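K.L.:
If you want the building blocks of each chain, they are given just below.
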Amino acid sequence: MKYLLPLFLFIALAVFLAIGLNLNPREIPSPLIDKPAPAFNLPILATPEQRLSQADLKGKVWLLNVWASWCVSCREEHPLLIELAKQNKALLVGLNYKDEIQAANGWLSKHGNPYNVSVMDADGRTGIDYGVYGVPETFVIDKRGVVRYKHTGPVQPGDLEKIFLPWIQQLEAESA
Amino acid sequence: MKFLYALMLSLLVYQARADIEYRDFKQPEQEQAYQTLISELRCLVCQNQTIADSNADLAKDLRRQVYEMLQQGKSRQDIVDFMTDRYGDFVMYKPALSLKTLLLWLGPVLFLVIGLATVWVLRSKPTGTEEALSKEQQAKLDSILDKGDDA
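Protein sequence lines correspond, in order, to chains A and B. The first sequence runs 1 to 176 under the numbering used here. The second sequence runs 1 to 151 under the numbering used here.
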């Protein structure tokens, strides 16, 4: 038995190391989950004289997708967002992060605009409030304005069916 | 050649620290607090650097945030709370001791204890293997040892 002890210790260590190696260090759990979505009141990209605040979205299930025209992996997830927009299941709000208004509008007209509305976070302060550290990021927010899920990095093929649509369905079923 | 070497070294030194913006502080304590804080906060983009060491955009924004909060008279704890509310404990290079970070803090001690316990178990006298030799075995052993002496 005692000769097996090193073997067990080795197996335990190997298991820990294997788990550690397979963790994604870029995936930082958001402390915002189950907390109210941080407040913002930002100019709308298409019509900068108008503003949108998170309070305007109360009573609706909405997704906040952080994007920028300079963000390479945003291009990767873009077709999926277009697909999501076509299904029209939830409001898709864009947070245009540290971008130039012309570059941002040009990007949308070139690649298509999946967003119901995009707001401009030119200096990145709202981004900091949402704990944004790697564009793109996507938050799922319920009818009460509470953040329920955060997706770091681009939305991957299959994520809509596996993650986002089930979340939207569940949150739509909840009362406001 | 020597010049080239010196140039390369100075480039390395230059690279080792991000260009720190010029900041105007009214009191030296405030500047001290700023320097301490930015070297304690982790850059979320380049995770093995502090925001003092990183040139990433986010690091610059967070340095600006720390500076502004200090200018507003916010305390160190206010700023730490602000950061952890948004980025979690991960943003601190030295996370506070809490239930969630307990394993992180006690882990090394825990492993040391496990290691020492293992050594102790393996070195403690094995039981049941030190039975006396039977008469027959003893005689055989003696004869082998005698022969060895003769040789």
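One thing to keep in mind: the hints can contain errors.
[To be verified] Result set (DSSO-like, lysine-lysine): computed pairs, CA atoms no more than 30 Å apart in a straight line:
1) A:Lys162 to B:Lys100
2) A:Lys35 to B:Lys74
3) A:Lys162 to A:Lys35
4) B:Lys2 to B:Lys26
5) A:Lys98 to B:Lys140
Worth flagging that the hints you see were computed from the coordinates, not collected in a lab. In this text the structure is predicted, and so the values were computed from the model without any measurement.
K.L.:
Each hint needs a verdict: does it hold in this structure or not?
P.N.:
Evaluated hints:
1. A:Lys162 to B:Lys100: Roughly 29 Å separates the two Cα atoms, so the pair holds.
2. A:Lys35 to B:Lys74: Since the Cα atoms of Lys35 (chain A) and Lys74 (chain B) sit roughly 23 Å apart, the hinted pair holds (cutoff 30 Å).
3. A:Lys162 to A:Lys35: 23 Å, holds
4. B:Lys2 to B:Lys26: 43 Å, violated
5. A:Lys98 to B:Lys140: 89 Å, violated
Of the numbered hints stated above, those contradicted by the structure are hints 4 and 5, listed in ascending order.
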